[in-house]
Amino acid sequence: MNLLLGFISGMFLTNGMPHFVSGIMGKSHMTPFGKDSSAITNIAWGYINFLVGFWLLNVSGGSLAQLRTFDSYAISFWIGSFVIALSGGWLFSKPNASFPWFKK
Numbered sequence: 001m002n003l004l005l006g007f008i009s010g011m012f013l014t015n016g017m018p019h020f021v022s023g024i025m026g027k028s029h030m031t032p033f034g035k036d037s038s039a040i041t042n043i044a045w046g047y048i049n050f051l052v053g054f055w056l057l058n059v060s061g062g063s064l065a066q067l068r069t070f071d072s073y074a075i076s077f078w079i080g081s082f083v084i085a086l087s088g089g090w091l092f093s094k095p096n097a098s099f100p101w102f103k104k
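Mind the numbering: the sequence shown is residues 1 to 104 in the working numbering, read in order.
You may find that some hints are simply not true.
Claimed, not checked - The calculated label-pair distances, taken between Cβ atoms and stated as ranges, are:
(1) Arg-68 with Met-17: 13 to 21 Å
(2) Ile-48 with Trp-90: 21 to 29 Å
(3) Lys-35 with Gln-66: 33 to 41 Å
Hint data in this document are derived by calculation from the structure and do not stem from the laboratory.
Heads up, the beta-carbon is just placed ideally off N, CA and C, and yes, glycines get one too.
Input sequences plus hints: build the corresponding full structure.
Right under this line is the structure:
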């Protein structure tokens, strides 16, 4: 179970970065709430991702220091991070990217 939580923690922490960075740059970026969410929405969504990611890291017994050890927990974290990064790259490389629940 800890490996799964580590994987999901990596996904949340990585997903928070583009939202937070877009928000502090004053740019709109897609969130689950809309295709062109405001900068403030992105900052909030980024922080929510960070909070959930760090909470999962803590609940699963992991730590930031442990992520440098490359034990099974750290590897599951980095795989989760890699999966969400690839998914984001694939989604946002499309010119008309949107989530399935957004109406066209």
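Looking back at the numbered hints, which does the structure fail to meet, lowest number first? The structure conflicts with no hint, since it agrees with every one listed earlier.
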